[in-house]
Each structure stands twice: as C-alpha cells, then as structure tokens.
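Enquirer: Residue numbers (numbering that gives the first Met the number 0), protein chains in the order written: chain A, 0 to 202; chain B, 0 to 287; chain L, 0 to 801.
All clues given are correct.
Quick list of the computed label-pair ranges, beta carbon to beta carbon:
1) B:R89 / L:H61: 55 to 61 Å
2) L:H61 / B:R229: 54 to 60 Å
3) L:Q175 / A:K171: 39 to 45 Å
4) B:D152 / L:E174: 55 to 61 Å
5) B:P93 / A:G130: 45 to 51 Å
6) B:D152 / L:E464: 37 to 43 Å
No wet-lab data here; the hints were simulated from the structure. Positions of the beta carbon are idealized from the N, C-alpha and C atoms, including for glycine.
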Amino acid sequence: MKKKSVSSSLSRRQFLKGFGSGVAGSVALNKIASALPLQKTLEKAANDANRTPLNLSVNGKTYRLSVEPNRTLAEVIREDLQLTGTKVVCNHGECGACTVLLDGEAVYSCHILALDAEGKSVTTIEGLLGGEELHPLQKAFVKKDGIQCGFCTPGQIMAAQALLLKNPRPAKEDVLEGMSGNLCRCGAYPKIIESVLEAAKTD
Amino acid sequence: MIPEIGYIRPRNLREALEALGENRETIRVIAGGTDIIPGFHINSRRFRDIRTLVDISGLPDLTFVDLENDGLHIGGAVTFTDIVKNPIIREEYPLLAQAAFRVGSVQIRNRATIAGNFVNNAPCADSVPPLLVYDAVIKIQSTRSEKTLPLEDFLLKPYKTQLQPDEIVSEIVLPPLKKEYRGEFYKLGRRRSVAISRITLAVLVKLQDRTIEDIRIASGAVTPIGRRFRELEDLAKGETAEVDFLKELSVKLGEEILKITGLRWSSAYKLPVVQQMFYLLLRRVCNR
Amino acid sequence: MRKKFSIVGKPVVRRDGLEKVTGQAKFADDINVPGQLYGVMVRIPVSHAKILSVDYSAVENHPAVAAICHAGDIPGAKKVGPIKQDQPVFCYDKVVTPGDVIAMLVGESEEELLKLRDLVKVEYEPLPVLTDPLKALKSDAPLIHPDQKSNLIVHHRLRKGDVDAGFAESDYILEQTYTTPFIEHAYIEPEAVIAVPREGDKGVHITGSIQNPFTTRKIVAKVLGFPLAKVRIQQAELGGSFGGKDDIMNILSARAALAALKTGRPVKIRYRREDSILESYKRHAYHLHYKVGFNKDGKIKAMKIDVVADGGAYSSMTPFVTWRTVVQATGPYETENVWTDVRGVYTNNPYTGAMRGFGSPQPIFAQESIMDEIAIQLGMTPDEIRRINGFKPGSVTATGHKLENHDVNLLTVLETAVTKTGFSEKWKKNQRRGKMLPDYAALEEISANPGPFILHKDDFLEPDEVYRKGIGLAVSFRGCSLGAEGVDAVAAYLSLQQDGSAYLLSGLAENGQGMRTTYSIVAAEVLGISPDDVFYLDLDTGYVGDSGPTVASRATLMGGGATRAAAEILRSRLENVLRQHWNLPENACFVFRDRQVYAENNPERKIAFAELCDLAYNQAVNLAAIGWYAGPKVHWDETVGQGPAYFTYVYGCQVAEVTVNIATGEVYVDRVVAVHDPGTVINLLGAQGQVYGGVTQGAGYGLWEEISVDKGFIRELNFDQYLIPTSKDIGEIVPIFVEGEDQYGPWGAKSLGEPTLELTAAAIANAVRNATGKRFFHLPLNLEEILLSKKLHPTSKNRGSA
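One chain only, chain A, in its complex shape (with noise of 0.2 Å):
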C-alpha cells in the first residue's frame, strides 16, 4: 500500500471527489445536512399498522407508548424512554447488563417482549434513586468499591435489589447464588458481593 500524504492538496481534492461534494477550492468545507429531531430518528421505519398500544409501568410512572410487538423490553427502556441506565451486551440473556425489576423479580428484559410488561410494574436502576438520595445498594456499591468499569453496574445492583427484597437478610452464599447471573468482565466479584452484604446490614 503506497502511503499517500496527508497534507497534500492532492488528496484532499480526492477526498473531495471521493465524497461527491459539491464544494470546490481549497478549502474542505463540510457537507453538514440539517439535523433531523431526535426522536424522529429513534423511531423505527417499520409500519405503524403493526403497533400496539403499550401502557407501560416504568418507575412509578405509566408512560402511553405504541410498540411493535417484536420490540424487547430493554429496547423500549433504552430507546424510547431512553433510561439508558439498562444495558444490552449479549443480547442472549447470558450476562445480566439488561436487569430490571418486572413486579418486584429479577428479570433479563433483553428476554422479555416490551408488550407483555403491559399491567405490570417495571424498575430500572432510575428507579431505584429516591429523590436526591442514592438507595442504601447504591450506597453500598460507592462505599465497598463494587465497581470497576460500571458498564454491568446498573444490572448488578437490580439483581441484588431483587435478592434484598425477598431475602433481607441473605448469607453468602445466597448473595454468591443470587448475584451469579450477572457477569462482571473486570471481576470485581468480591466487591459487589461485599456491597450487597453491607446494604442487607444497612438497609
């Protein structure tokens, strides 16, 4: 591969050419189209036909949303609540980044179609904030250092919030159980399993 140089007005009239911009001269002006609305652009293309009228408990909050039926419910969390918090990594229900509370369980909402969250109650890790006060979880996870990269944080401390909600008081074991479902790259494992014993002590 020859090398070509960068600085060359050469190249750049072939970065011109190559792009099919109008714009003549030496100087590279940009092609910038106009911005299109936001939410314009998160929509789907698909037909509207094959909505569904969703009511959707996010929260607390019940949002009115019109969904396709092959929607998951982490999409809809992320892409039109954007409560971008719920995390998808594999997609497969393998790794736990997508936890939710659906009516009070633990839940892959990667594995869930969106549609069939409707009448029940579902809490992302925006939920779990009270106001300007972090939950005791969120507490426990600052204080104990159950974080590295924080990417698989949010489903760590939602599995855990199901774990303290049907068992306030768990041993070890039942955190190392519970936990075990939501994979941490940067293994921080003993931390986080640090954390959710500390919040069951602080809670």
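Start from chain A and add chains B and L according to the hints.
Expert: Same frame as chain A, but now just chains B and L:
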C-alpha cells in the same frame, strides 16, 4: 433481530387455545421466552416461521401447584422459581426442585416455565430427567380436545414433541410417590452458574434392606433427548445394591447410551464420565 | 524509610462511582445525536478469498439506505495499523478472515439495514485457508498479504551466552511444548462510536468506547487525509477494554467518520456481541517450545525457547506483543545462556493484538510449568527451585539488563506468598496421592472401536477418591510501561479554582480501572486537599497533549507522574505566594494537609487552602499547569535481543489452591493468594480491584476461556459459548501488597493491572499438577483437557449442541 410478529395476550387458557386454533401454522406459544427470544436473535431455524406469538406467561389457569389425590398438579406456565420455592415440591419431589434450582440464573428461573422447558425439548433440558423418574403425565389441551399422556411418550426427538400447533401443555401431573423412594439429581456444567448441562442424571430407588425393589433412571444431555432407561431398570430390580452390581449397572448405562447415540464428538468425554458419575450417584442413593 | 502519606495508600472510593451506580454514566451507545444514522457492516462468510466484484444495485436506491461506504470513498490511507499498515478499513481486493468488512450501509433504521445487507452481492474466489501458523511459515504457503515477502510478521531473536555449551554442561535437559488459545477480551460493553461532522472546516468529532483516543485520532486522520487537529476524539465512559478497544475502535471510528462526512449527518455504529467477537482482535494463541538445561543442585544452565504466535489476519500489535515475550520468556530466572526466537505469523484466523498481559501470560504458563517439572524431577519443592534461580538485586536478565536501582522483590513476594499459604507442607502432602487420574485418552487410542469408552469395573473411582486438593504457585517479573516499544511520555492538566476546587485531566484514558480516582489522589496528596475537591474532566484529544495509549500498566506510573508534576508546579506557585504573604525567606517550607497550608516549623501559622487559592487568583497567579512525565531512555539491540528493555520492573507471586474432581475434570479454585509489588499503592481499593479482576480473568484463561476456530470461523460468538467466570466460579482471592522503593512514578508507584492477570493460569495449572500428578500442556484446563488431554469441539454449528 426479532422478526416482525403479532402478539396476543389472552386473558385465560381458553382464549389462548382459541387464538392457537385460528392461526395454526404460524402461531406459537410463548411463555417465559427464554428460548424463543434468544432463538429469534440468532435467527434460529426453529423459529423462522413464527408470525404470531400467544403469551401464556402468568395465566392464572396455568400457574397453579395443587396437591390432589392423584398426585401433584403443576400448571404448565409455573416458573422454575416457583418450583424451587414450593414446599410440597421440595418435600415430595425434591429432584425436580434441585433440577429447577440449577436452571440458568435467578433471572432465567423467574421467567422460564416448566412446560416450556420440555416443549422446547433441548437435549439438555434440566427438568426432563426428574420429571421422567417421577413418571410425569402431562395434560394437553386444544379447542378440539383434551388429552393426557406420559411425558416420556410426548418427547420425540431433539426440539420435537407430539405437541400440535394448536395445543398447549396445560399441566403436569406427578403421581404420588411412596415415602420409601430415595433419589438424587446430578448436573454437570462447565461453570457453576448459567451453565448449559453437559450431563444430567436423575435416579429414584426403593430399597428393601439392600435389595433394589424398584429403580427409575433418567438422563439428559447425553442422549439426543432426555430419556428413561427401562432395560436398565428391569435389570436392576431384585438385585442387591452392592458395589459390584452398581458398577455393572453403570457400565450398562454407558453401553445403552452408546447404542443410542453412536459415536459423537463428545463421546470420548461424556461416556466415561456419565458411567462414573452414575455410579457415584447410585452409591449416594443406596448408602443413605 | 517510607514516606508518610495523608491519602496515598488508603482506601478511597471512586470519583466516578455516583454516576455509575445511578445509571447516569454515559457510555457510547447511551449517547444519541439528533439526525443520527446507523452504520451496518457487509461481510461475506469466507476466511480467505479474492474479491471479484461487489454489486450494490439491490440496495443503492433503497429508501432505507442513505449511503454506502466502501474503500472507494477513502481519501487517505486505505489500510491502517499501529505498526504495519496492512489492515483495510474496507476490504477491496481480498478478504483474509471472516470478520472482514467490505462495505457499510448507512441509514436511519439499523433494523432495515441489517435485513438489506444480505442483498449486497459479492462475487469472490475462495483461496486456500491457513489456520496453522507453523504451516503458514512454510515456503510454499500461499501469501495472506501478497505485497509481503512471507507470512512472517516479525521475528525477535535473543542471543545470550552459549546455549550449546550450557546444555553440554547441564546434568539434565527437559524439553516440553505448550500451547495457549485465542482469548476474547469480552469487555462487557460492546463497541459503539458516533461521529459527528463539524461545521465549516472544523473536521469531525468522534465519541466512542475508545481505549486510546490519541491512537484513534491518528488512524482516523490518516484515513480521512485530515491534519490531526481536525479530528477530535472524545472518550465516552468506557465499559471495559483490557487492551481490546484499540485497533477495532480505530477502524470503527474511521468508518463512522467517513460515513458522517459522506452523508453530512452524525453516524453511529454499535456492535452486537456477535459482531464484536467476530471482528475484534484476540489475545494471541501461542505455540511454545522450551528446552531447559539444569544441574542436580537446581541451577539452570541454559534455555532455548522457540515461540510461534498466531497473529491472525493482520499484524496489529503483534510485533510489540511478541517483543515483550522475547524479553520475559525465561521468566525471572538467572540464566547465563539463552537462545530465544519469537515469531509472529499471519494466518486466516481472527487477528490478534493487545490484551491485558500483552505477550506474558503465554510464556509464563510454559515457563512456570517447566520450573515445577524441574523441581519435581530434582525432588525439590516449587519454591526451592525458584529461590535458587530467581532474580535477586544485581541479577542480570536474559536481555543483559542488570537489575538495580529498584527493589528486586521477587524473593520477597515469593516468601510472603509461601508463608501465607503454608505452601511447602500442603504441596508435599498433596504429592502423596492415591488412585491416579483416569486416563480416558489412552483408552480411546487403543482402537477406533467405541468399546474403550466403556469402563471396566476397576476403572471406577470410589466416592472418597473423587476430590483432590492441589496447590501451585507462579512468579513473574514484568517490565513496566512501554519500554523500548516507543515514545513514553504523558501529560496532565491541573487547574485550581479560586475556591480551592480543581479540574484535572490526563492524556491517558479511564478504562474503568479507576485511573481518575488514582490521579485525583495524587493531586490531592501534593496539594493537601481531598480527592473530592478534584473534578475529573472528560478526555478529549483537543484539550490535552498526546500521551500515547493507556496500555502496558503505565497509567499509574506515567500518568500519576505527570499529575504529580502538575500538582507540584501549582504547589510551588502557591508557596511563592505564601512566602510573600507571610514574609518568609526563600527557603521557607510548608505543609499542605487537610485543606490547610501550614508553615513547616510553625503549625500555628496556617491558611485555608481555598483562601490561598483566592489570594493567588487575586494576585494574577496562573493556577493552571500542565505536568509532563517522560520515561527514561531505554535501549534495545534487536539483532541479539540485548539491552535494558524497560526502565523498571515489578514482581509478583500467586499461589492457587484448587479442588479437582478427577471423575469429571472440574477444577474449582478455592483460593488465590496474590502477592504483588506495585511499588507504592496509591488507592488501596483500586489496587484490590485490579487484583480481583486480574485473578478472575487469569482463572478464566486457565480453566474455561477459548476462542476456537474452525477453518478461520470462530465458534464462540456470544456468552452462551464463550464462558467467562461468574461470581460463583472462583473462591477467595487474597490480595497482598509488598511495597518497594522506586525512583520512578509518583512516589515509586509502578504497575499492577497486568501482573495480576499473567500469573493465575500458570499457578492453577501447577496446582492441578499437584492435585492430579499430571502435567497439562494446553490451556484452558477444561473438562476434556483434564480427562483426555485434548479439546473436543462440536461438529455442528448449532448453539447449545450437547
């Protein structure tokens, strides 16, 4: 990517059956969705023809657990979490509770249903070996008919059962089991959690002193589908549960499996290990 | 005497904890820009082929397609790479591995594009597929990159002393071959990037899950034919990287930027896990042949090492990864005579590059396994053989580097680990074992008929024979930072505010390891404030000097050094203000502590730090500074592989205790005691986190993880098949820090991230040897490896196949 589909949420079993009856070819029941949704995402051939889903998860007439005179009735859409928690199942049918506890993770157990597990009929379905040794009978309903048949007959081959497109497995009946039966469930996975089974075994034994009065043996993940080993059971009945015989029985299990599967890529590992682990399982059951 | 610190070395909670526990942290795919389009890749299912034609007619006028980007759109470099430019941004003449991308469809609906991409018709001529690097080296092998002379990417040679004479003088010679697999980084966050075309002549702004923004900038600028300053890269919150979000992100950023400039609209690319595993690079698979000569007294006389690294389809970081291998291949053992060859080779496998460890986990597995075998052969314990040969102060490495001017702590970490675990007693006790591990492999080989799979009665293990305990250790030395790889310097920008709060930004990137917190501690320590007073800025290549990549466990050492330098510049300015203010002489000293500043010899005389900042601000003193930290010169003679390769080293020892189920081959890690010398611990919580993470990933390497390849195609494309450890898979991890003195880094703080990973698999393998009496040569030690000494792979590609 999930294809464009329709979604029907019936209010009860009857509505679900009616929906199925109307669109036989392209409709499919979804319960927990733990097989179907990931299957869609990887464009699995098994789910390509689906155009409509009927969601039966949480339907009250499919989520009961009732102890009756003829045994324990478990609704088809009962989740593994509910099975793990159920005191009657833990007490009377502990192998099923143990197997349920080893399914995936909490999140999967909260969604995955017992009938979904064997209707999907993956070779590694964890609930199948315990259900088989408990002689589970299943009730299948459609708008046309209602029938019951042994689970063993219902399972045909990997990912294939007798279920017709318009039918739903509405319940599983576990016949009463005499207190003298003792059992064990064993699962081998590559990891300790969220593990697909490499081998599962379930054994129920009724001993009179050291004599095997009755024995029921089932496995999963080592044969194309989970199955009972009747010939082995017949061979064992009346024998003494001593070490030498238990080894003989274990070898026979290996031979049976080999006969069924022929040589597979995993045989070099699974065959010796299944014999070994079956032997250890028998030792535990018989020595307790 | 160690310096007394007020914050350094204590547990400090993460500065970015709040946004991470609330779900507010913005990772790349959490960012959406009005008008954004998506990019979806077009690939063909082939490992090696000549592209004959590409027909876009079925999609080019489709309403869902806003643009199609391909090699023809590239104004600048069509091929990129950190060392050799051999990787096309879009393939145009050949495809050399299944992850290769021919074009990208751009449009508003990602879903639509995913359906449409199959309509692009690519005509190609399949070429012979090379998956074995040893075969790829043969002279008649087809060339993967026809513009190169051979499939050899690089060949590092190290020649020290006279190995032939060394072997001739040895009482014994041991020769063994080990292999390690490809490994997926498996960062939890899949790749995502969004490129936004900027107004007028401002170029392009890119935000993404990018490990090394300055490297990305170089690549994007080259591809676009832009000056560097016209490409601004901002790092989104990064969901794990471990060396993995380098090349792949550079290329994805270049594709997104091309599309953004072509369409005039923001373009986002986000990968699904399957795309991620398919296209992203891996840790190298290695083939390692070791020949070691040693005497009855345990002294090693000579080592001859031949390593072949599978570089996969592109060279990426292979020349540097394998360079670290050649430097460290003997392990931390004094050896007069060494002859090492390390070759990196092109194949049609997935390409390989940087991953945590960077060329060390592979040789450590081999070298530490062999050291144990030597000990066993001589009737010694593993710690004894390492005491005899291990580096001491003044020892000379295989590269001829005399170890001095830092604490050569190898034997200290070894003794600490051995004492803590009661190693020798346990090891000796486990060596006296009962019934051997069943050898099903031998059964199988007797004949092709399946009968051998059926056990004989005396093959059966009894219940009390199933579980075996084992203990094993591994030690290493590791060169810190980049060494002779290249320029090694880092910038840090620190800006004090009138009220005593501060902005801090380093040119290195937060990868999730806790670097922001570490740097905040360093700045706070110098200025006597709290890390809570330090607000860390988002990394943007426009705002701070090029500091190279965040790799090689250099963040604390180099970036910490730069941060300390910046803080000291500001402290000195504040001291000058105070001398004038208090009328003190030029040589007056001060104590900065607890947000107060004291005259050194008069603690009564004090001023609040905030007040001092206000004073300085009002005197028009510049309260912003850029700290710079450059590593000392290193030297390398590549013809013989001699020279002081790195300016300082760290040492570690891990002891693994395992339980092996010899009936099934399951290995459970009961405990890992990890003793490391990171120089100085800056944040105890962060340091522990590094150990937990390194050991967990190292255990994954040892026991489960493997990217297996079938004719170039990866079998494990998601986490149902690529198994990483869960919270239940590893027992206790015990981090122990032995701190040393070093002249480099902030107060002598060095490296920790990679040393914690590189030892674990080797320690586990030695523990399994101790438990079973059998040596294993091929990672990972999964169920089949333990019982059959080989891997078994499904013949069907269906997932979940039993």
